[in-house]
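*Asks:* In UniProt numbering, the protein residues as written are 1 to 251.
No lab work stands behind these hints, which were simulated from the structure alone.
Don't take each hint at face value.
The calculated lysine-lysine pairs, modelled on DSSO-like cross-linking and capped at a C-alpha distance of 27 Å, are [what the hints assert, rightly or not]:
hint, residue 1, residue 2
1, 200, 127
2, 150, 110
3, 198, 110
4, 224, 236
5, 198, 104
6, 119, 224
Keep in mind the model is a prediction, meaning the values are calculated, not measured.
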Amino acid sequence: MIFFQNKKKIVIIFYFLNLLILNNKCFGENLTVNLTTSTWSPYTLEELPDNGLLGALIKAAFKTQKIETNIIFLPSARAPLEAKKEAYDGYFPSYDCDRNSFQKSSSIGKSTMGFAVLKQKNWDWKKLTDLKGKVIGNVRDRFFTEEFKKLSEKNIILLEESNTDLVNLTKLLHGRIDISIIEKNIFEYLISITPEFKDKFKFETKYIKNRDLYICFNKSNKSKNFRNKFNLGISKIDKDNIIFQYIMLNY
């Protein structure tokens with residue numbers, strides 16, 4: 001009888017030891033968060049240090065919590081889909097998150113969205129509906145604003161989708177589209193690295209939207225913990241200084 005009681009105690013002790021080991025694996029110091037993304041230079045690019053400017057910010061935030069960051073590059077349409085799977089914890093960057101599948105982090109930073117047009121074109125317009133009949137280039141699965149989305153669904157605005165901003169600017173240069181939706185820093189970066197774009201475009205300032213960028217974490221318990229850790233970490237770092245240092249070192 002004493003033997004069975006002692007055996008029961010041993011089993012209970014081993015059970016709790018296993019829980020402690022599992023807890024250390026899930027929430028301990030040697031953690032790695034796995035995030036999917038797609039190329040959006042200079043914010044995200046596999047060949048850049050820290051995988052781009054946003055990668056540098058995210059890694060710095062997680063580092064304050066003793067968490068390593070693994071960034072996996074996928075096509076833009078696949079990144080959010082793969083991020084739902086158990087192997088990953090979320091994806092970035094996003095202007096918003098599907099609440100059924102993801103939970104939004106604190107803001108990583110702000111993004112200025114607008115239109116790229118040819119310099120030689122003089123646009124006389126004041127509101128989006130004035131662009132009726134114009135062909136507007138957009139990166140696939142990117143929504144500019146709700147107003148824009150509704151107008152495109154009603155075919156008031158004609159939308160032509162591509163996989164990248166580079167493709168859209170190339171189409172714009174050759175007259176295949178009239179306007180390209182693009183983020184301001186992305187626009188300036190692509191102009192700076194593409195000789196054929198020099199002095200060809202301007203960033204239209206009539207319709208600019210400043211929007212926050214987020215990480216979308218999936219709803220697993222592990223990812224919820226990573227989200228909490230990230231939100232704590234991003235509040236501890238000097239984002240402006242990291243951005244300044246990154247640009248000084250890499251551009």
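*Asks:* Hint by hint, note whether the structure agrees.
*Replies:* Quick rundown of the hints versus the structure:
{"no.": "1", "hint": "200 to 127", "verdict": "holds (24 Å)"}
{"no.": "2", "hint": "150 to 110", "verdict": "holds (24 Å)"}
{"no.": "3", "hint": "198 to 110", "verdict": "holds (26 Å)"}
{"no.": "4", "hint": "224 to 236", "verdict": "holds (19 Å)"}
{"no.": "5", "hint": "198 to 104", "verdict": "violated (37 Å)"}
{"no.": "6", "hint": "119 to 224", "verdict": "violated (47 Å)"}
Hint compliance for this structure: hints 5, 6 are not met, and every other hint is.
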